[in-house]
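Chains as they are written, first to last, in the UniProt record's numbering: chain A, 1 to 405; chain B, 1 to 405.
Possibly wrong hints are sitting among the right ones.
Which copy is meant is left open, because identical chains are indistinguishable; a pair holds if it fits in one copy or across any two.
To be verified - Lysine-lysine pairs mimicking DSS-like chemistry, simulated, CA-CA at most 27 Å apart:
1) 92 - 401
2) 280 - 250
3) 401 - 2
4) 286 - 250
5) 282 - 250
6) 405 - 92
7) 81 - 405
8) 81 - 280
9) 81 - 286
10) 2 - 95
11) 95 - 401
12) 335 - 357
13) 401 - 81
14) 95 - 405
15) 335 - 350
Think of the hints as simulated: they come from the structure by calculation, not from any bench.
Number of protein chains: 2
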Amino acid sequence: MKSGKVLIAQGGGPTAVINQSLVGAVLEAQRYAQVDRIYGAVHGVRGIVDENFMDLSMETAGNLERVAAMPSSALGSTRDKPDRAYCAEMFKVLKAHDIRSFFYCGGNDSSDTVRIVKEFADEANYEFTAMHIPKTIDNDLMANDHTPGFPSAAKFVACAFAGVNMDNRALPGVYVGVVMGRHAGFLTGAAAMARVFADDGPHLIYVPERTFDMNTFLADVKSTYDKYGRCIVAVSEGVHDAEGTPIVTKLQENVERDAHGNVQLSGTGALADLLCDEIKAKLGIKRVRGDTFGYLQRSFLGIVSEVDAREAREVGQKAVQEALRHNASGTITIKRVGNYASAYELANVKEVAALTKVMADNFITTASNDVTADFIHYLRPLLGSNPLEHAARLMAPMVEKILHK
Amino acid sequence: MKSGKVLIAQGGGPTAVINQSLVGAVLEAQRYAQVDRIYGAVHGVRGIVDENFMDLSMETAGNLERVAAMPSSALGSTRDKPDRAYCAEMFKVLKAHDIRSFFYCGGNDSSDTVRIVKEFADEANYEFTAMHIPKTIDNDLMANDHTPGFPSAAKFVACAFAGVNMDNRALPGVYVGVVMGRHAGFLTGAAAMARVFADDGPHLIYVPERTFDMNTFLADVKSTYDKYGRCIVAVSEGVHDAEGTPIVTKLQENVERDAHGNVQLSGTGALADLLCDEIKAKLGIKRVRGDTFGYLQRSFLGIVSEVDAREAREVGQKAVQEALRHNASGTITIKRVGNYASAYELANVKEVAALTKVMADNFITTASNDVTADFIHYLRPLLGSNPLEHAARLMAPMVEKILHK
Chain A
1 MKSGKVLIAQ GGGPTAVINQ SLVGAVLEAQ RYAQVDRIYG AVHGVRGIVD
51 ENFMDLSMET AGNLERVAAM PSSALGSTRD KPDRAYCAEM FKVLKAHDIR
101 SFFYCGGNDS SDTVRIVKEF ADEANYEFTA MHIPKTIDND LMANDHTPGF
151 PSAAKFVACA FAGVNMDNRA LPGVYVGVVM GRHAGFLTGA AAMARVFADD
201 GPHLIYVPER TFDMNTFLAD VKSTYDKYGR CIVAVSEGVH DAEGTPIVTK
251 LQENVERDAH GNVQLSGTGA LADLLCDEIK AKLGIKRVRG DTFGYLQRSF
301 LGIVSEVDAR EAREVGQKAV QEALRHNASG TITIKRVGNY ASAYELANVK
351 EVAALTKVMA DNFITTASND VTADFIHYLR PLLGSNPLEH AARLMAPMVE
401 KILHK
Chain B
1 MKSGKVLIAQ GGGPTAVINQ SLVGAVLEAQ RYAQVDRIYG AVHGVRGIVD
51 ENFMDLSMET AGNLERVAAM PSSALGSTRD KPDRAYCAEM FKVLKAHDIR
101 SFFYCGGNDS SDTVRIVKEF ADEANYEFTA MHIPKTIDND LMANDHTPGF
151 PSAAKFVACA FAGVNMDNRA LPGVYVGVVM GRHAGFLTGA AAMARVFADD
201 GPHLIYVPER TFDMNTFLAD VKSTYDKYGR CIVAVSEGVH DAEGTPIVTK
251 LQENVERDAH GNVQLSGTGA LADLLCDEIK AKLGIKRVRG DTFGYLQRSF
301 LGIVSEVDAR EAREVGQKAV QEALRHNASG TITIKRVGNY ASAYELANVK
351 EVAALTKVMA DNFITTASND VTADFIHYLR PLLGSNPLEH AARLMAPMVE
401 KILHK
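One chain only, chain A, in its complex shape (with noise of 0.2 Å):
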């Protein structure tokens, strides 16, 4: 890198694990003699544009472990999809700031700015280097086995459902949770992790990637419920029928839509008490509950996955090797190298950018109710210690009766 500036900013949804990066990239950013400073963009490629940048250079290495600790972008985030108009403008202001080398921590829209904004340095023959770094709870990221953020968020899916199911179990009826995942199911699949005992739940489990038809579902409820007394779902907020309309549209009178004409799937309780209401119509049941897990399950305070950290630090690290050491641009990817062993690699951005993951076919059941093994296979090593590693209940003989013979 010609000597100047960084620039670090974070993008998209937040995750756990995201200040990870952010402050993997700044730490390693500092053992570069031709860094002169180290910026952060507040509110991601808002405060680009805007020109609100922090010094991170004068953050002490203590508050910068700490705040790597923290759920949440440190940095602040933006929903803005850059078009080239807007990009031009953020091109602008890194010039005017002797910016040469930029770190965009986000999803595959983040990837897509990092893409047009080294393309406006080339054209302007500016000497710059753009790097992706990438997290999304989602995990939807093509080239990447998983995505940093992924395996925290799976692993307070995992723990919820672990108590929700033990809570069942107490008060048996039916539950239906509702997990973030507009078109990938992973972290809805993360579910499944909760399972130990052979009727532990979730029993039923609904991804996006597949059709999602009520019939079926209350089918499914009821030969589970009949079978084991109680039932417990896990279906994605992005569930779909045939023709792709969200099944919470088909409740809602007034849905709310961003600027990309998406259907507001989070921050409300719209599909778990459809569902609820369907199955208690339907099916006759009466204890029948809902939650919709919301923003708890990508900034809970206090589970993190253990590799999910470590990785996410360390795709900042690399992020910043590849600009400053090799001058490179492009996004960092993680690559499964072992069971479990991972790496990282160097791609171009156009392998992420505008591409959804979804689940591989292998991932969902036949009967599209539920993950397979090979999926549990997939995730299990991503979430570092296995809440579960002890899981219990009473084992103890049931005692012949002598009232009730």
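We have chain A; now place chain B onto it with these hints.
Below, chain B without anything else, positioned relative to chain A:
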């Protein structure tokens, strides 16, 4: 205690540490020569009437310890609220099995059951002790400084709002989190533990001890949003208007009621959605999100207060000691005898039965939209290790603007 059997049961809503009380009682009971067998009733009082007992004498110590660490009621629970006829049936079964000491872990309803069963035994001149072991995440038992289960649920709520606060700082807007609590606001008040920095949320806390007025609420949200550009609200599911009508019933056409005529408050996202809709409609704020914490807060696997776990274990032990060494019947209460130290005292169940403790006036601000420093002082030592001990945010100075001077 006369030579015979011991019976233990768990009732009402599960908690994260109710199995500590179970295991504390079982392990203590094993020490007494006059204890023939230790039974566990499956699904609380329902399991007694139905004569469904497990022989806990046949549990291994290792499995008991593992069960103690699991959330939710390992013996199963029930919502049955026994009347005298029901208690008479229970007594028949207890007598048939030569049960001479009965322990029921539950809330205030459960303590009343203990009292009635003991009365039947006394009338029949049947040598018998009956003890209530306290538990409830609502923290609403009279005569107790606090109740086992509450501190762990409070820790979950604190961790959730800590994450939500950081998430909301990254992507500002209004967030409404609905917390369990029909009559008592202790658990909702625990959200305040998420605050470290001066502008941290939750910024507003509403509890059922005070009347909820929609216009005042909207004015509170507006002034907070105007000040910080964001606003996080914690609200009890049981908030109600001046007539005592739950706010949630104002939205729903078909409200579900339980056997006691209580409106179903948990297991639906209705209240959060209603409040969010009001904020959007009346204040014109776009990004408004609501979550209902639902069942996650009472049985989540992995979030436990060490103080709570220890005390839950000890109230189980103390109950057995009082019954088996002193031939006592009653309830074990937790008293605060230092900052922080607690002691356990035997009390008459009439001190807790059919009564509900609510937050003291000095725990709620005069504006009725927050908790006080007194409440923080009360709650802090109960949570054990502080999840926000190392809370941090970036502290670096802003960089001087070049283009947008």
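task = Could you check the structure against the hints above and give me the numbers of any it violates, in ascending order?
result = Violated hints: none at all, because every hint is consistent with the structure.
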